[in-house]
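2 protein chains.
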Amino acid sequence: MTARNPFQPSMLAGLLLACSLSAATAVAASKPDPAKLPSSAEVLAATQAADWRDVNPEDAVLMELPGGPVVIELARAFAPVHAANIVRLAQAGYFDGLAIIRVQDNYVTQWGDAEEDEAKAKAKPKDLAKTPVEFDRPLKGLDFRPLPERDAWAPQVGFVAGWPVGVDPKKGRAWLSHCNSMVGAARGNEPDSSDGSGLYTVIGHAPRALDLNITSVGRVLQGLERLSALPRGSGNLGFYEKAEQRTPISRVRVLADLPEAERLRLQVLRTDTTSWKKWLDSRRYRGGWFVRSPDRVELCSALPPVRTAP
Amino acid sequence: MTARNPFQPSMLAGLLLACSLSAATAVAASKPDPAKLPSSAEVLAATQAADWRDVNPEDAVLMELPGGPVVIELARAFAPVHAANIVRLAQAGYFDGLAIIRVQDNYVTQWGDAEEDEAKAKAKPKDLAKTPVEFDRPLKGLDFRPLPERDAWAPQVGFVAGWPVGVDPKKGRAWLSHCNSMVGAARGNEPDSSDGSGLYTVIGHAPRALDLNITSVGRVLQGLERLSALPRGSGNLGFYEKAEQRTPISRVRVLADLPEAERLRLQVLRTDTTSWKKWLDSRRYRGGWFVRSPDRVELCSALPPVRTAP
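First to last, the sequence lines map onto chains A and B. Quick note: the first sequence uses our numbering, first residue 1, plus one each step. Quick note: the second sequence uses our numbering, first residue 1, plus one each step.
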């Protein structure tokens, strides 16, 4: 590992291997010495089964693309009607044969029915709910774990069961934040015009000006690179101009509806545990490769790790 | 343009076409009515030649990839020795035949000599300068234009001639921020181990924990999608595991060294003008598609527009 091999060993050392193995329990209230803290990898290696939340297979869908699967967890606590609609659409096979229709660099990848305004648009199930605006919800009833750090966008930010959340304490409202990998329901000019049949995910810097303006419905937990590494569209806003440029969706299924062997059993690190606090500290206080510890985390730079259930 | 065509017309309306054409000069000190402000597109359409800064062809390199050109402007004011080295390396043909060696999703794309630690590494010009750490510099001497908004990472942020900058007013220091599209010089564990021969650009959410820890040297002004849409590497940290997965770099040239006809004449919106203030306001105060104006901008969500010189 020499200086002549730029960035590779450095990042490996700085992000994965830098810190001492001996200080796994020392998390100080004041600014700790990064060299005495466990690294992120060490925190994760020391987690117990109870530190992880199982993704409920009834709350997640698997989207099959030519490159492989994409798994999206639905945020029932924040967008219950949209989530139910997406489940209903998947169960009806609505997404099967549709496509990725838009990839705008440093912004979003979007999928759905390219012919939605046309006569040949795909029929939706007749029992789909009329979808209300689900831009935010009451803070009350949520196990909100605030970050102490200030945020550029929201009065307060933190996590609810692993979801990145903005909060207005005065108004008692909470909403999902548009971090990279979050999924939203495309809408037209009418605020309540989304129904879950057109979806997008963030593939660049978090466009948090969208927060509170469109309904976030979930997060890509696996396979995000199958959406973020697609060719950018050359049309307005990154829409593909030719049908053959679109990536086809072979099918979307609710995980619970798949044979047991085909379900991808994913887990998200819980954000109400001591392990979570240690993991955040491992991201705040950096030693090794780092010359200057940032001494802070930022909401969208600290999304909880995801793993396949052991 | 109906609600049944999700997101497309909406974004078009909200981001490009929404606001009145009649209020182009009204920029209020207090919170203005978004409907009375010009849109971003309208602000840009109304700019004069003096609102744009020509990219100096001696301060920019063109990297040719199979997909087309990538243009990187070098930040001489922040990393003069690295910038001079990159120019020297380009003039010596050092990058020609090297490759994109790493693409890590939501993080960075990196290029250089994959064999740097090996005997077959490419020779560098003998007159390359020994490169110091250029993580930050004195604020004094810079035409810093602060944003009034708070930032999650730096005591103060703003722009210097179009560059996104963090500032510590107490220490009188300024540094480039790791926004999407910014370019840095890969280094090993020693802080001064970068020399400009290995470079990376940010392709995801701004990893600003890297600020003040590695030398930023420039920004991709054109062709970023040729770096951000590449297949992600399956090795540690997104390094490609097989040589054939790498994207070859046919050549890197200083724009000034190219025949006049081959130079791409780019311009960056100046950040010391009234047009810039109007453009920021068009991003802060959103009407049309937006239900709730964000009433703020964030450093890495407000990088100055780039255009080809008319």
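Don't read these hints as lab results, they were simulated from the structure. This structure is a prediction, so every number in the text was calculated from the model and none was measured. Incorrect hints may appear among the rest.
If several chains are the same, the list does not tell them apart, and a pair holds so long as it fits within one copy or across any two.
[Stated by the list, open to error] For lysine-lysine, the following DSSO-like pairs were computed, each having C-alpha atoms within a straight-line distance of at most 30 angstroms:
#, residue 1, residue 2
1, K277, K36
2, K36, K170
3, K171, K31
4, K130, K31
5, K31, K277
6, K277, K122
7, K126, K170
8, K277, K140
9, K171, K36
We went through each hint and held it up to the structure:
no. : hint        : verdict
1   : K277 x K36  : within (15 angstroms within a copy, 46 angstroms between copies)
2   : K36 x K170  : between (38 angstroms within a copy, 29 angstroms between copies)
3   : K171 x K31  : between (32 angstroms within a copy, 20 angstroms between copies)
4   : K130 x K31  : neither (50 angstroms within a copy, 35 angstroms between copies)
5   : K31 x K277  : within (14 angstroms within a copy, 38 angstroms between copies)
6   : K277 x K122 : neither (47 angstroms within a copy, 45 angstroms between copies)
7   : K126 x K170 : neither (40 angstroms within a copy, 63 angstroms between copies)
8   : K277 x K140 : within (23 angstroms within a copy, 39 angstroms between copies)
9   : K171 x K36  : between (40 angstroms within a copy, 28 angstroms between copies)
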